[in-house]
Structures are given as structure tokens and as C-alpha cells.
Amino acid sequence: MDRVWTREADVQLAVSRSGQRCVVGIPGPRLDAAVAAEFKRELVELIDTGAAAILLDFSAVEFIDSSGLGAVVGAYKHLGPRGRLKICCLRPAVGKVFTLTRMDRVFTIHDAVPAL
Amino acid sequence: MPNDIRAVAATVERVLAAGGLAGLAAAAPSAGCGGGEAETLADAADALRLALTEALNNVVEHGGGPAVSPLVRLLLWLDGSALTVCIEDSGPPAPDDLGAASASLADAPLSEGCPIEALPEGGWGLLLIAASVDRVHRHRHQGWNRLFLEKVLPPCACRA
Numbered sequence: 009m010d011r012v013w014t015r016e017a018d019v020q021l022a023v024s025r026s027g028q029r030c031v032v033g034i035p036g037p038r039l040d041a042a043v044a045a046e047f048k049r050e051l052v053e054l055i056d057t058g059a060a061a062i063l064l065d066f067s068a069v070e071f072i073d074s075s076g077l078g079a080v081v082g083a084y085k086h087l088g089p090r091g092r093l094k095i096c097c098l099r100p101a102v103g104k105v106f107t108l109t110r111m112d113r114v115f116t117i118h119d120a121v122p123a124l
Numbered sequence: 003m004p005n006d007i008r009a010v011a012a013t014v015e016r017v018l019a020a021g022g023l024a025g026l027a028a029a030a031p032s033a034g035c036g037g038g039e040a041e042t043l044a045d046a047a048d049a050l051r052l053a054l055t056e057a058l059n060n061v062v063e064h065g066g067g068p069a070v071s072p073l074v075r076l077l078l079w080l081d082g083s084a085l086t087v088c089i090e091d092s093g094p095p096a097p098d099d100l101g102a103a104s105a106s107l108a109d110a111p112l113s114e115g116c117p118i119e120a121l122p123e124g125g126w127g128l129l130l131i132a133a134s135v136d137r138v139h140r141h142r143h144q145g146w147n148r149l150f151l152e153k154v155l156p157p158c159a160c161r162a
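Chains as they are written, first to last, in the numbering used here: chain A, 9 to 124; chain B, 3 to 162.
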């Protein structure tokens with residue numbers, strides 16, 4: 009069935025889900041202003057359908073800007089204090105944006121995919 | 003460049019290519035470029051990519067909207083090892099808050115006990131620009147906003 013709506017860009021998240029736990033592979037290579045709103049919308053949809061422990065796998069993301077980071081934070085706020093959102097596999101250029109904005113203090117960041 | 007957020011990435015890559023920084027994608031191996039703690043040309047390309055993206059996002063998102071459709075011109079020049087990119091746009095005058103951006107780096111709007119609902123979801127653009135380049139200058143000239151971003155490129159034998 010065709011779904012027709014206006015969207016900024018397709019963001020095909022690779023979701024591996026087990027109950028409330030989700031590992032979300034971000035497709036990359038960019039998480040930027042062109043895809044941020046759609047990315048956040050898809051994360052919010054996951055949260056609204058019961059995902060409460062989310063691991064965002066950034067392996068494929070080579071670049072993030074403030075809009076992409078804002079979408080991550082926005083999804084985290086939607087999840088609220090009852091849920092958990094962790095991050096893994098940041099490349100240096102992406103990790104730097106988390107550090108400069110101090111979001112590295114907000115999120116638990118793993119070097120590799122941890123056991124949830 | 004067109005007044006379209008989706009055009010920003012390609013525009014930034016064209017500027018980097020014009021500055022001799024093409025093919026230095028994120029996570030590119032730095033072998034032969036000095037390595038160690040020093041900033042490599044790939045690091046400089048990453049930093050400029052971030053600064054240019056944030057600057058052009060600002061122009062597209064705050065440049066008066068699609069109805070205004072500001073013109074955007076980009077110029078760049080290399081003076082010794084300093085690469086300067088000038089972004090000119092014909093949008094309305096930009097707010098004069100750039101000077102505060104670098105100051106706010108030391109005192110980012112966040113504390114470790116910050117409640118989730120109070121976390122910022124943006125507002126980092128100018129901070130990231132200031133942190134990514136060596137000098138930022140902005141002024142209004144004959145109806146154009148001009149933003150100058152200067153990045154001192156590291157010496158690197160493998161630079162094409």
C-alpha cells in the first residue's frame with residue numbers, strides 16, 4: 009500500500025526489538041537538519057509503542073549537526089525519566105559534537121554495542 | 003545555493019573540495035598526516051564541515067523563510083595556511099549574538115543534575131561554529147549578512 013505524505017527525508021532505522029528493549033541502528037551517514045525531524049518522529053513512534061530501553065547505534069553516522077543532536081535530545085525528553093536511552097559507537101567527529109555541547113554528560117555513551 | 007535545507011550538505015562538500023579538503027571524510031585514516039595528538043587535515047575538514055553546516059543551516063532556517071528566499075553566496079580563499087570562507091546572504095539582519103557564543107562554551111547551559119525536561123534541544127549552532135574555527139567575524143554590508151570563518155590548516159605533506 010502506498011503511503012503518501014510530505015516528509016523531509018526517509019530515515020530507515022534498523023530496529024531490533026525485544027519487548028521494551030530496542031537497539032536502533034541509525035542509517036547515516038548524516039544525522040543533520042535534513043533528516044532530524046523525521047528521525048525524531050520515528051523514535052517517538054517507537055517510544056509510543058512501548059520501547060523504554062533504547063540503544064542508539066551510531067556506527068554508520070559520520071556527521072551530526074545541532075539539529076541531529078536536538079532530535080536525539082528531543083526523543084530522550086519524550087521518553088522521560090522512566091525510560092533509558094543509551095548511545096554507542098560514536099565516531100570522533102560525532103563524539104566531538106556531544107562533548108562540545110556537554111551532551112556527553114547527559115547520555116551514557118559506550119564505545120561498542122553493550123549488552124542491554 | 004538554493005534556499006533548501008537539503009542543499010546544505012552538498013554545498014558544504016563543494017566548499018571543502020574547493021578548499022582542497024575533499025576526500026578527507028570523517029574517520030579517514032590519518033597515516034602519513036602526522037598522526038599523534040596534533041590536528042590533522044582530516045580533523046580540520048571535519049571541523050570546517052561542522053561550522054559551515056551550522057552556518058548554512060542558520061541562513062536557510064532563519065534567513066526569512068521560503069517567501070523571502072535569500073540569495074546565498076560563498077567565497078573562499080587561502081592565505082598561507084589560513085582558509086577563510088565568507089558566507090553572504092541577502093536575508094534580514096542576523097541577530098548580534100555571535101560574540102556571546104564562544105563565551106558560553108565555558109558555561110554551557112547544562113548542569114549534570116539538569117532535569118530531562120529542561121534539556122536544550124538546540125541553540126548550539128553558534129557555539130559549535132566558534133569551537134570549530136580559529137576566527138569568526140560577522141558584519142552587515144550593503145544589505146548582505148557576511149560571515150567569515152577562518153580555519154588555520156595544519157601543515158601536512160599528504161595534502162593534495
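Simulated from the structure, these hints should not be mistaken for laboratory data. Mixed in with the good hints, there may be bad ones.
So, partial list: chain A residues that the calculated Cβ filter (under 8 Å) puts toward chain B [to be verified]: (1) Leu-54; (2) Ile-55; (3) Asp-73; (4) Ser-74; (5) Ser-75; (6) Leu-77; (7) Gly-78; (8) Tyr-84; (9) Lys-85; (10) Gly-88; (11) Pro-89; (12) Ala-101; (13) Phe-106; (14) Thr-109.
Where is the CB? At the ideal position from N, CA and C, for every residue including glycine.
Status of the hints after comparison with the structure:
1. Among the interface hints, the one on Leu-54/A is violated; its C-beta lies about 17 Å from the nearest C-beta in chain B, farther than the 8 Å criterion.
2. Using the Cβ-Cβ criterion of 8 Å, the hint placing Ile-55/A at the interface with chain B is not satisfied: the shortest such distance is roughly 13 Å.
3. Checking Asp-73/A against chain B: minimum C-beta separation of about 5 Å stays under 8 Å; hint holds.
4. Taking 8 Å as the C-beta cut-off, the interface hint given for Ser-74/A holds, the closest approach to chain B being about 4 Å.
5. Hint status for Ser-75/A: holds, given a least beta-carbon distance of 7 Å to chain B, under 8 Å.
6. The restraint placing Leu-77/A at the interface with chain B holds, with a minimum CB-CB distance near 7 Å, inside the 8 Å limit.
7. Because the smallest distance between the Cβ of Gly-78/A and any Cβ of chain B comes to about 4 Å, under 8 Å, the interface hint for this residue holds.
8. Because the beta carbon of Tyr-84/A sits about 7 Å from the nearest beta carbon in chain B, less than 8 Å, this interface hint is met.
9. Checking Lys-85/A against chain B by beta carbon gives a least distance of about 6 Å; that is within 8 Å, so the hint holds.
10. At about 6 Å, the closest approach between the beta carbon of Gly-88/A and any beta carbon in chain B falls short of 8 Å, and the interface hint on this residue holds.
11. Of the supplied interface hints, the one on Pro-89/A holds, with its beta-carbon coming within about 6 Å of a beta-carbon of chain B, less than 8 Å.
12. Checking Ala-101/A against chain B: minimum C-beta separation of about 4 Å stays under 8 Å; hint holds.
13. Of the supplied interface hints, the one on Phe-106/A is violated, with its beta-carbon coming no nearer than about 11 Å to a beta-carbon of chain B, more than 8 Å.
14. About 5 Å separates the beta-carbon of Thr-109/A from the nearest beta-carbon of chain B, less than 8 Å, and the hint is met.
Hints 1, 2 and 13 from the earlier list are contradicted by this structure; the remaining hints agree with it.
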